[in-house]
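Student: Residue numbers (the UniProt record's numbering), protein chains in the order written: chain A, 1 to 246; chain B, 1 to 207.
Please note that a few of the clues may not be correct.
Away from chain B, derived, C-beta distances all over 12 Å, residues of chain A [to be verified]:
#1 Glu85
#2 Glu88
#3 Val91
#4 Lys93
#5 Tyr94
#6 Lys102
#7 Asn107
#8 Asp113
#9 Pro143
#10 Gln148
#11 Glu169
#12 Glu170
Below are the DSS-like pairs computed for lysine-lysine, each with C-alpha atoms no more than 30 Å apart in a straight line [to be verified]:
#13 Lys101(B) to Lys175(A)
#14 Lys108(B) to Lys175(A)
#15 Lys161(A) to Lys65(B)
Only part of the chain B face toward chain A is listed, based on derived beta-carbon distances under 7 Å [as the list claims (entries may be wrong)]:
#16 Phe40
#17 Ile45
#18 Gly49
#19 Ile50
#20 Ile54
#21 Thr79
The set of hints was computed from the structure by calculation and includes no laboratory data. Predicted, not measured: the structure shown is a model, and the values here were computed from it. Each residue gets a CB set at the ideal place from its N, CA and C atoms; glycine is no exception.
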Amino acid sequence: PPKCIYDFLGFCCYININLILVGEVEVMEFGEESSPVLAFEKDAFELTVEDVYDISYVIGRDLLKVSSKGDEVSDLQFRIVRVLEMFESLVNKYNLSVEELKMERDNLKTELDRIVKESSSGQGMQAAGPNQLVVDLADPNRPRFTMQELKEVLQERNQLKAQLLVAQEELQLYKSGILPQTEPAMVEVALDTPAATEPITRYSSLLTTEICADSNNNSKGGSKHLFLSCTTHIALHLRGQSFNKI
Amino acid sequence: MTGYFSMAKKTYDLLFKLLLIGDSGVGKTCVLFRFSDDAFNTTFISTIGIDFKIKTVELQGKKIKLQIWDTAGQERFHTITTSYYRGAMGIMLVYDITNAKSFENISKWLRNIDEHANEDVERMLLGNKCDMEDKRVVPKAKGEQIAREHGIRFFETSAKANINIEKAFLTLAEDILRKTPVKEPNSENVDISSGGGVTGWKSKCCS
């Protein structure tokens, strides 16, 4: 098969037309029904450069038949060569462009797949700054409370724990009969935060049910004392002001 | 207040507040659990923020109630835990002899003490997990050396094997007791508020 558009020029040289093109001239013979003609039947957008060479071969061969009739045909031959050159460039360029676009499309597709996968699997740190954390609202274990809230809850927990320990200790002494009749034992709870009023109120009322309460309230230097006495004297010493409720 | 309570008998003579600090996972909670409940638990549950336990001991004929605060080692609880330094009379800094990083961080913890605790706080260094000799990465001599440099006591302990735990707490309590002026106990309270109201201590050592 022909390797360039100038293949047919071999015939031109052969019939003595003024041609400057030498070198890659090839003389080749094809039968009338051989494949180069099929290139004419192809869809324009499916043409390859090889098809262009086939076309140029067939045109050259046909021109050979015509040129024997007069010199005026040689001008036409040069123009045809020029058109074929342009045709070759266009087909070449077209095929290259299609190839480039296909590659570009594939690249973008893989890139898109990668991004979609990333954003669905990881929580995606793309929007967050270096010191920020992206919180997934669907995560049941996501952080919800502030440090201050945690601090307050822990304080309350420890406060209640302290009161429980005091009550347990008292109960232990009470049960074991260690508590002397003459020397009353005292338990003291100091609470600095106003929030402690509630549990202590409950605690003292709990005690009054078991112990016949004889409470006398003393005010001394801004602090109030509640004194419960019976077999056991339990003094709840409250530093703070919010004890007036009882 | 003093007059009112001095006539009452109390279940203890003195209240000492201690604090445990150190990297996460060195065994602070286990050390405390061994001392308070004489038990050991292998499951690791990270302490949330701050917790405490109470243990009454007898030293020199005095009943001393130890209120021991256990802090979370994790950095995220830093603001919560440091607010408890101020009320402490004794601080135990714990590292793990099988964890080099926890030893390297000692200086960081000592800086925290300088920044947040009382100036006269008793400090003590503990190298925990000393039963795991095969995994040791911090030689005992290194612990002794850093303790000497900072003028603090040092023990290698094991909460698991019950080594030196009671000794460490009692020694720390004794050191605090030595500094405590003999005085009729009065306002020792179970003070569970953070930092602030250090009853009995400040007034004692400063008056």
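Student: The structure should be examined with respect to each hint, and the outcome stated for every one.
Tutor: These are the hints, each one checked on the structure:
For Glu85(A), the requirement that its beta carbon stay farther than 12 Å from each beta carbon of chain B is met, with the minimum near 75 Å. Non-interface call for Glu88(A) relative to chain B: holds, since the shortest CB-CB distance, roughly 71 Å, exceeds 12 Å. Every beta carbon of chain B lies more than 12 Å from that of Val91(A), the smallest distance being close to 67 Å; the non-interface claim holds. With a cut of 12 Å on Cβ distances, Lys93(A) stays outside the contact zone with chain B, its closest approach being about 63 Å.
At roughly 63 Å from the closest C-beta of chain B, the C-beta of Tyr94(A) stays outside 12 Å, upholding its exclusion from the interface. Distance check for Lys102(A) against chain B: the nearest CB is about 52 Å away, which clears 12 Å, and the non-interface claim stands. The claim that Asn107(A) is not at the interface with chain B holds, since no C-beta of that chain comes within 12 Å of its own (minimum 43 Å). Annotated as non-interface, Asp113(A) keeps its C-beta farther than 12 Å from every C-beta of chain B; the closest such distance is 36 Å.
In this structure Pro143(A) is not separated from chain B by more than 12 Å, as the shortest Cβ-Cβ distance comes to only about 10 Å. Its closest Cβ contact with chain B, about 9 Å, brings Gln148(A) to no more than 12 Å, contrary to its assignment away from the interface. A cut-off of 12 Å between C-beta atoms contradicts the statement that Glu169(A) is not in contact with chain B; the least separation is 6 Å. Look at Glu170(A): its CB is around 9 Å from the nearest CB on chain B, not clear of 12 Å, so calling it non-interface is violated.
Under the criterion of a C-alpha separation no larger than 30 Å, the hint pairing Lys101(B) with Lys175(A) is inconsistent with the structure, at around 49 Å. A hinted pair counts as satisfied when its Cα atoms are at most 30 Å apart, and Lys108(B) with Lys175(A) does not qualify at roughly 48 Å. The hinted pair formed by Lys161(A) and Lys65(B) meets the criterion: a straight-line CA distance of about 16 Å does not exceed 30 Å. Evaluation of the Phe40(B) hint against chain A yields a violated restraint, the C-beta minimum of about 21 Å exceeding 7 Å.
Contact between Ile45(B) and chain A, as hinted, is not supported at the beta carbon level, the nearest pair being about 15 Å apart and thus beyond 7 Å. Annotation: interface hint on Gly49(B) holds; nearest CB of chain A at approximately 5 Å, less than 7 Å. Given the 7 Å rule on beta carbons, the hint for Ile50(B) holds: about 6 Å separates it from the nearest Cβ of chain A. A cut of 7 Å between beta carbons decides the hint on Ile54(B): the least distance to chain A is about 6 Å, and the hint holds.
Checking Thr79(B) against chain A: minimum C-beta separation of about 6 Å stays under 7 Å; hint holds.
This entry does not satisfy hints 9, 10, 11, 12, 13, 14, 16, 17, going by the numbered hints stated previously.
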